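Peer 1: The listed protein sequences correspond, in order, to chains A and B. If you count by the working numbering, then the first sequence holds residues 16 to 154, one letter each, in order. If you count by the working numbering, then the second sequence holds residues -6 to 660, one letter each, in order.
Calculated from the structure, these hints are not laboratory results. One or more hints might be untrue.
As the list claims (entries may be wrong) - For lysine-lysine, the following BS3-like pairs were computed, each having C-alpha atoms within a straight-line distance of at most 27 Å:
| id | chain 1 | residue 1 | chain 2 | residue 2 |
| --- | --- | --- | --- | --- |
| 1 | B | 119 | B | 133 |
| 2 | B | 606 | A | 92 |
| 3 | A | 36 | B | 478 |
| 4 | B | 570 | A | 29 |
| 5 | B | 238 | B | 277 |
| 6 | B | 606 | A | 55 |
Quick caveat: nothing in here was measured; it's all calculated off a predicted structure.
The chain contents come next:
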Amino acid sequence: MSNVNCVCIIDDDKVYSYGVKKIINKNNLSENILVFNNGKTAFDELSSMIEEGKDMVDIILLDIDMPQMNGWEFLAKFEPLRKGLEKKIDIYVISSHVQGNGKDNGHLYKIEPAGAVIDFISKPIKPVDLQKIINDTVS
Amino acid sequence: MEIGFNKIKNLALSLDDKKKADLAEKLLNSFDDEAVHEIVEKISTNNKQDRKAYETNLFFNHIVSTLSDGVFACDADLKYTFWNSGMEKITGRNKEEVIGTHPLETFPFLEKADLYRLYEETLAGKTCITDDHPYDIEGKKGWVHEYMAPLKNEAGDIIGIVVVVTDITEQKTLENKLRKRDKTLTKFSAQIPGVIYQYRWFPDGKSCFPFASEGIREIYEVSPDEVKNDATNAINRIHPDDLEKVIKSITESFENLTDWELEYRVKLPERGERWLKGRARPNKEEDGSVLWHGYISDITEQKKMLDANLQIKTQFQAILDTMPNEVFVKDIEGRILLANKSGADFFDLTPEEIIGKTDEDLGTPKEQAEKFNESTRKVIETAKPYFIKEGRYINKNGEEEWHQALKVPHQHPGSDKPTVLIVVTDITMRKQIEAELNETLSIVGEQNKRLLNFAHIVSHNLRNHAGNISMLLSLYDDEESDEEKQELFTHLLTASEGLNDTIKDLNEIVATQVTVDKHRKKLNLKEHFLKAKEILTTEINAHHVKIEDSIDDDLTIEYVPAYLDSILLNLLSNAIKYRHPDRQPEVTFKAYLNNGHIMVEVSDNGVGIDLDKYRDKLFGMYKTFHGNSNAKGIGLFITKNQIESMGGNIEVESEVNKGTSFKIKLL
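Could you build the full structure based on these sequences and the hints that come with them?
Peer 2: Below you can see the structure in the form of structure tokens.
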């Protein structure tokens, strides 16, 4: 079974983050997991990691509704940095704002910073969905 | 001797006058005895009488022949013995033609039988006068009547008849004309709904109606005949209250010979009280009386109508004056011809005082007055109504007023020029209500937004918590390590608490929205402030918060107690919660009355909020901005809900790192 090096979870819901982390570990989907409580701490940490030339995360699972800096704001701020990287980072939006699967969420792609988003996934994310994300990234 | 005398007498009679006289002379000279003397004396007397008769005859003849009346005579045998020139004129036949003929055959005016009967009667000693009757002699038409009398000799024996024929054609024509005119007059006067009359007043106070048309039966309920010689019956009909007035006016007219004109009442047996109007022109007669020719009509209906009109006018004016609208009638130059009380009040004048003035005269600024005049002119020129939906006007107290005006083409009674009727409605109040309504609408909009928020929370937060629980449960099933299970369980507990809290919050919000107007009480603001402060004692002491308040001890408010407590507590605890870490927290709490509204201001020197970024979200649900672990993001949402559900509003001012200030209109 394939896995990735690092998955980053940005979500203020600690219970959710714990659950996702647990699923990833249990299914051995990723070597490392980074968890941030909101967009701001995530952006601050990720940008300093890039500056320091550390290994970048492979996948970001991003929530929308967060205090201080929400998902959209994070996307807008992080996009320039992401573009400057050689390494590909797959960003998924995981939110209860999302209804159904990707095809039903065309309107979300129209929000400007959504260009970097690979897919919108409704909360709570299922183990199969996580598996698929990992597989897609690896291949 | 006796015979001889008679012979002489006869002889004498057969002689003419001259011869008689000569003979008498001779006789007197030849006879000298007493008897002869006596005879001669007698003859001479006779002769004198004859002469007198002769002279009388001549005189009679002369008169008769110059008379225009026709006169003729017949003897007892009914033969014409006399025919005067009048007869010739009337009949066109001369004396020679008729003398000696028989009138029964030739008399042109009467039927034979009638004539015969009349002759018989006259010859029997009667004097006869025929009725007026028409004649037609060879096309000459006319009217005559005859006077017939017996002709007697000295001894009184009837020896014939004398007839006077009077041609009355002219008189008859005149009479006819008069009669016709009378008829016309009567006809006319019968058509007139009043009485045409002559009234005569004698200096001794007696009066009468020599002539009165049939209308008097209606006017006074008397017949013309009843008052022909004495007006008392008519005078008795005059209303007792008006009698003095009537007599006074007639006396005046009598004395000064001025026209009489009066409105007065009568009390009639049939028709009751009526109003009359009389007019007459007096004329002084030779006998000292005064004769009026005049006309009296019944004006009860007009009077009633006039009264009704007057009433309507009064009523109309009263209605106009009670109207809150300002009503004006203006001419093309903008001059006011009529104004109601509201209209006059607007200028602080009486309706009479503003008549004839223009807006400019009344102190309206020239530019504004010109605008008013322009629309007035437009209405007159186009003859179409003009509606001004709203216009702003600054009154003389400098206050803003809003007016709505309707201008309609109008024909003002008493003005021959076109005018405009203007009805102005003060819509200032309406404008205010409109503004309030707009405010309410925006609140409703806000509440709609909140409902949307609510729906999002239901779908978002509930799903979050439920999703987490189901996720954790599935992990729990697969977990083997007790330690891990324990941790999972802790998280499950957190998730279930989160779910529980969300449901509780939602309950609270729903409660806020539905409990409006229930259990309002008169509350002392200061007391409730102190209560909130007490609840927060621990926090206040722990963080050395300095709280200053300025609240009038007597300031009370009709409010739902739970709301007031919740609002005060929330505002105070927020002010403490978002204190600045680098300085002693200071909170000022002010409450005061402004324009009948109870205002509360809560200011702190805390961290502040970037309003450019968060103003829209500040009062939203589950919005937190500081990453503060205490922040649930529901307090301000509920506070705003409670304030608005009581009809108030909340505003915020803030500067990052300086502090935040909430300004609340509670009621």
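Peer 1: Just pull the numbers of the violated hints for me, sorted ascending.
Peer 2: Violated hint: only 1; rest satisfied.
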